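Position chain B relative to chain A; hints supplied.
Line by line, the protein sequences are chains A and B. Taking the numbering used here as reference, the numbering of the first sequence is continuous, increasing by one, and the terminal residue is 102. Taking the numbering used here as reference, the numbering of the second sequence is continuous, increasing by one, and the terminal residue is 102.
Calculated directly from the structure, the hints in this document are not laboratory data. The structure presented is a predicted model; accordingly, all values stated were derived computationally and were not measured. Yeah, the Cβ is synthetic: ideal placement off N, Cα and C, and Gly gets one too. Incorrect hints may have been included.
Pairwise CB distance ranges, derived in the manner of DEER restraints [said to hold, decoys possible]:
#1 B/H90 <-> A/A6: 17 to 27 Å
#2 A/G46 <-> B/R61: 38 to 48 Å
#3 A/A43 <-> B/K78: 21 to 31 Å
#4 B/S97 <-> A/A43: 43 to 53 Å
#5 A/I88 <-> B/R44: 25 to 35 Å
#6 B/S15 <-> A/D85: 21 to 31 Å
#7 B/E9 <-> A/A23: 20 to 30 Å
#8 B/E55 <-> A/F82: 16 to 26 Å
#9 B/A94 <-> A/L47: 40 to 50 Å
#10 A/T74 <-> B/R12: 26 to 36 Å
#11 A/I88 <-> B/H90: 24 to 34 Å
Quick look at which bits of chain B chain A covers, simulated, 3 or more residues with Cβ under 8 Å [what the hints assert, rightly or not]:
#12 4-12
#13 15-24
#14 33-45
#15 58-67
Protein chains: 2
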Amino acid sequence: MTNGSAGDELARFRSSIDNIDAAIIHMLAERFKITERIGEFKAREGLAPADPQRESEQIARLRTLAAEAGLNPTFTEKFLRFVMDEVIRHHSAAQDSSNDNS
Amino acid sequence: MTNGSAGDELARFRSSIDNIDAAIIHMLAERFKITERIGEFKAREGLAPADPQRESEQIARLRTLAAEAGLNPTFTEKFLRFVMDEVIRHHSAAQDSSNDNS
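Here chain A stands alone, though its shape is the one from the complex:
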C-alpha cells in the first residue's frame, strides 16, 4: 500500500487505465455485434465464412496504424488474431446451434 501523493498519483494513472479499458470493452462489444451480422449475412448470401485476402489487408492496415500510434506492430497483429479467433469460435458455435435446429 502507498500513502499520500504517491498513492494519489498511482490512483490517477489507474483511473485512466480503467477508463481506457471500459472504452475498449465497449468497442469490442460493438465489434462482435457487427461480426455476428456479417456471419448471418454471409450465410444468407452463401459466401465463405473466411476471407484470407481481407484478413491480410486488415493486418497490414492495423500494423501501419499501430506503428504511427507508437504501438508494437507485432503485438497488434497478435491482438487482431486473438480477436479473429474469437469471431471464428462464435461463428462455429452459431453454426453448431443452427445444425442442432435443422
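For chain B alone, kept in the frame of chain A given last:
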C-alpha cells in the same frame, strides 16, 4: 468476390469493423503509454511491479462491464490477461535494458 448490393453491404460492415479496430488500436497505444509511466513511477517509488489485488479488481470490474455490454465475460478476462502479459513483457524488457546500462 461479390457484386452489387451484397458486396456493398459487406463493404459497409467491414468499414465499421475497420473504424472500430482503429479506435481500439489507438486506445491500446494510449494504454501502453500509461502503463509505461506506471512502471517508471513504481520503480522510482520502490513499489512492487505486480499488484494481484488490483488485477483481481480490474478483472471483476471488466467482467461486469462486459456482461452489461453483451460481451462474453470469459473472453473479456482472457483479453485483459492478454494485454497484461504484454505490459509485463514491456516492464521486463525495460528492466533488462536498465540493468544493461548499470
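Between A/G46 and B/R61, does the beta-carbon spacing fit 38 to 48 Å? holds (42 Å)
Outcome of range test on Cβ distance (B/S15, A/D85; 21 to 31 Å): holds (22 Å)
Apply the coverage criterion to the segment 4-12 of chain B and chain A: a residue qualifies when its Cβ sits closer than 8 Å to a Cβ of the chain, and three qualifying residues are needed. That given contact holds, which follows from 3 residues of the segment 4-12 of chain B lying within Cβ reach (below 8 Å) of chain A.
Could you say whether the range 26 to 36 Å given as a hint is met by the Cβ separation of A/T74 and B/R12? For A/T74 and B/R12 the Cβ distance comes to about 30 Å; the hint holds.
Count residues of the segment 58-67 of chain B with a Cβ under 8 Å from any Cβ of chain A, then say if the count reaches three. That given contact holds, which follows from 5 residues of the segment 58-67 of chain B lying within Cβ reach (below 8 Å) of chain A.
Go ahead and decide if the range 25 to 35 Å is satisfied by the Cβ distance of A/I88 to B/R44. violated (44 Å)
If I claimed the Cβ atoms of B/A94 and A/L47 lie 40 to 50 Å apart, would that claim hold in this structure? holds (46 Å)
Mind checking, does the segment 15-24 of chain B have 3 or more residues with a CB under 8 Å from chain A? Since three or more residues must qualify, the claim that chain A covers the segment 15-24 of chain B holds, with 8 doing so at under 8 Å.
Given the range 43 to 53 Å, decide if the beta-carbon distance of B/S97 to A/A43 lies inside it. holds (50 Å)
Using the C-beta atoms of A/A43 and B/K78, is the stated range 21 to 31 Å upheld? Cβ of A/A43 to Cβ of B/K78: about 26 Å, so the range 21 to 31 Å holds.
Mind checking the hinted window 20 to 30 Å against the Cβ distance between B/E9 and A/A23? holds (27 Å)
Check, residue by residue, whether the segment 33-45 of chain B contains three or more positions whose beta-carbon lies closer than 8 Å to a beta-carbon of chain A, and give the verdict. Answer holds; 8 residues pass the 8 Å Cβ test.
The structure shown violates just one earlier hint, number 5.
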